[in-house]
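Visitor: Since the structure of chain A is provided, determine the placement of chain B on it from the hints.
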Amino acid sequence: MSTLDWSVLFFTLVSIAVFGIYKTRGQKSLESYLKGNKDNWWTIGLSIMATQASAITFLSTPGQAYEDGMRFIQFYFGLPLAMIIISVSFIPIYYKLKVYTAYEYLENRFDLKTRTLTSLLFIIQRGLAAGITIYAPAIILSTLLGWNLTFTNIFIGVLVIIYTVSGGTTAVSITQKQQMAVMMGGMILAGIIVIQLLPISFGEALHVAGKMEKLNVVSFEFDLADRYNIWSGMTAAVFLFLSYFGTDQSQVQRYLSGQTLTQSRMGLIMNGFLKIPMQFIILFIGVMVFVFYQYVQPPVIFNEVQTEQLRNSPYASELETLEKKYTESFETGRAAYQDMLAAIDQGQDQKADELKSKVQSIKSEQTAIRDEVKALIVKNDPTAETRDTDYIFMRFVMDYLPPGIVGLLFAVIFSAAMSSSSSELNALGSTTTIDLYKRSINKEGSDKHYVLSSKAFTAFWGLGAILFATYASLFENLIQAVNLLGSLFYGTILGIFMVGFFMKWVKGKAVFIGALMSQALILLVHFKNGEGLLGFHWDIGFLWYNALGCISVMIFGALLQLVIKK
Amino acid sequence: MEERQIKWSKIYIGLMASLVAMIGLFYWLSVAFA
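Sequence order for the protein chains is A and B.
FYI, in our numbering the residues of the first sequence are 1 to 566.
FYI, in our numbering the residues of the second sequence are 1001 to 1034.
Keep in mind that the hints are not guaranteed to be accurate.
As the list claims (entries may be wrong) - Short derived list, chain A residues pointing at chain B, Cβ under 8 Å:
| id | residue |
| --- | --- |
| 1 | Phe77 |
| 2 | Pro80 |
| 3 | Ile84 |
| 4 | Leu206 |
| 5 | Gly210 |
| 6 | Leu215 |
| 7 | Asn216 |
| 8 | Val217 |
| 9 | Val218 |
| 10 | Ile269 |
| 11 | Gln338 |
Calculated from the structure, these hints are not laboratory results.
Note that CB positions come from ideal geometry on N, CA and C, so glycine has one too.
For reference, chain A alone in the conformation it holds in the complex (with noise of 0.2 Å):
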């Protein structure tokens, strides 16, 4: 990277975590520390929304594009419908008991154990969730820039504790505002910029993609084993979307920030305005990059840092010949396209199609050229991660964006991890102030004492973050773990919350030991999927897991309840 771009990078960055601290000195209340000082909606709006963007969705998501199309986007169809659910039911009874967190509602409406199970599920969950936001996007981000993991680490980590302690509330929003136009500011200009390198017209281009089926963005089939058709992101995405909205204290810390209901809910509807246009774009992005790749020649694998490697290694001749062998394929592809887009101009259907399935052909022989490179790698280093789709975008920009807009694209990734992350930290230190210490370990402090927890609660998630994010490499499953933990527990937290916003007869115990036993469901239906039991045999994606985990704990605790006043 140039001068130009490592200023550029570190400006930004820095200015915004400045600008945070110096907007909210002088924090005194605790309830302007955790509740902010009375956003207006748009600022909730950007707020939600980067709060939801990680460093892994503008990394991974064009990446996806680039291999997969845009079919991804489906998963996010359900979500207008959970915003018009939450804005109508949840926010205005966390409103009308004034609550800090989502699960002093619990309390209200059920009993002290519910809360207290609720808040710990989530505490569990987003804690170690926390470090995985800094730990992915950084093992990306080091790789690219040559920097060591632990720094990486520790510079996100750090400028992020820095200003989400200081400040709270309010400079996780006043931040999420700058970061929010860095972020779509950035990419939109990227998305210009691709768009004008292609050497073919913009036309031609959605033609290239379309005939890839790059532009197959919906699909009708129903499969339960498949998250992204029009079906799974109409019904089992609604209630991973109203558990997270609607549930977890990350998102629901940022609406009620806001001055008034009405800006809240406004707040919470813009996102449902702008989510899907939003990855539409990054998607979108990903698919030009791909045309763009079709007649530019791209790196046999993206992670240049392990080609490099297998350079200086005993394999240095076989990768030249694949190589070779790589940018024959390449050049016939090319031509291949060129006769495909002849075809379509002349509107010769039928050779159009031909000429597709040859171009098909050329790729599965790339693709297989790519799988001999992958080999070698992990044969020159058994430990090797040759998933390189996460790079696909970055070695893009890195290698044809102009000087200064490449600083402002990583600025876009940073922003990203720091803006998630502070509203992780954030939260984690109100729920473990408010719905452990204040309510069940010291009941008698001073306003000034809870700020002062918060913050230290703050803090101490944020160093445990990036504690967990420098150790992670060390436990590969753990990740894997960690990211399955929120599919496992949503549905269970999401029903507790339906059972007492929409079953006023349904009380607390009858709720406790449904929700112990849905999650008992979930963890069986998880350990036995794909083999079955009894003679049942079931084989589902993860996303269901939340609309049974709800859906049981609604008719669990609707049961129990029967049979408790009997």
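Guide: Chain B only, in chain A's frame:
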């Protein structure tokens, strides 16, 4: 902006209508360039 001044039902219908429009656009994109 008071709560009672806002026609929430219209906003919610507008949100769902925009979803339907987007799905329609995506479907067109899938078909038109296939």
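Visitor: Next step is simple, just say for each hint if it's right about the structure.
Guide: Tested hints:
1. A cut of 8 Å between beta carbons decides the hint on Phe77 of chain A: the least distance to chain B is about 7 Å, and the hint holds.
2. Because the beta carbon of Pro80 of chain A sits about 5 Å from the nearest beta carbon in chain B, less than 8 Å, this interface hint is met.
3. Given the 8 Å rule on beta carbons, the hint for Ile84 of chain A holds: about 5 Å separates it from the nearest Cβ of chain B.
4. Taking 8 Å as the C-beta contact cut-off toward chain B, the hint placing Leu206 of chain A at the interface holds, the least distance being around 5 Å.
5. For Gly210 of chain A, the interface hint holds, since its Cβ comes within 8 Å of a Cβ in chain B; the closest pair sits about 3 Å apart.
6. Restraint check, Leu215 of chain A versus chain B: the minimum CB separation of about 5 Å is within 8 Å; hint holds.
7. Interface hint status for Asn216 of chain A: upheld, as the beta-carbon distance to the closest one in chain B is roughly 5 Å, under 8 Å.
8. A cut of 8 Å between beta carbons decides the hint on Val217 of chain A: the least distance to chain B is about 4 Å, and the hint holds.
9. Annotation: Val218 of chain A was flagged as interfacial toward chain B, and the flag holds, the nearest CB pair being 5 Å apart, inside 8 Å.
10. A cut of 8 Å between beta carbons decides the hint on Ile269 of chain A: the least distance to chain B is about 6 Å, and the hint holds.
11. This hint is violated: Gln338 of chain A has a C-beta 17 Å from the nearest C-beta of chain B, more than the 8 Å allowed.
In summary, the one numbered hint that this structure violates is 11.
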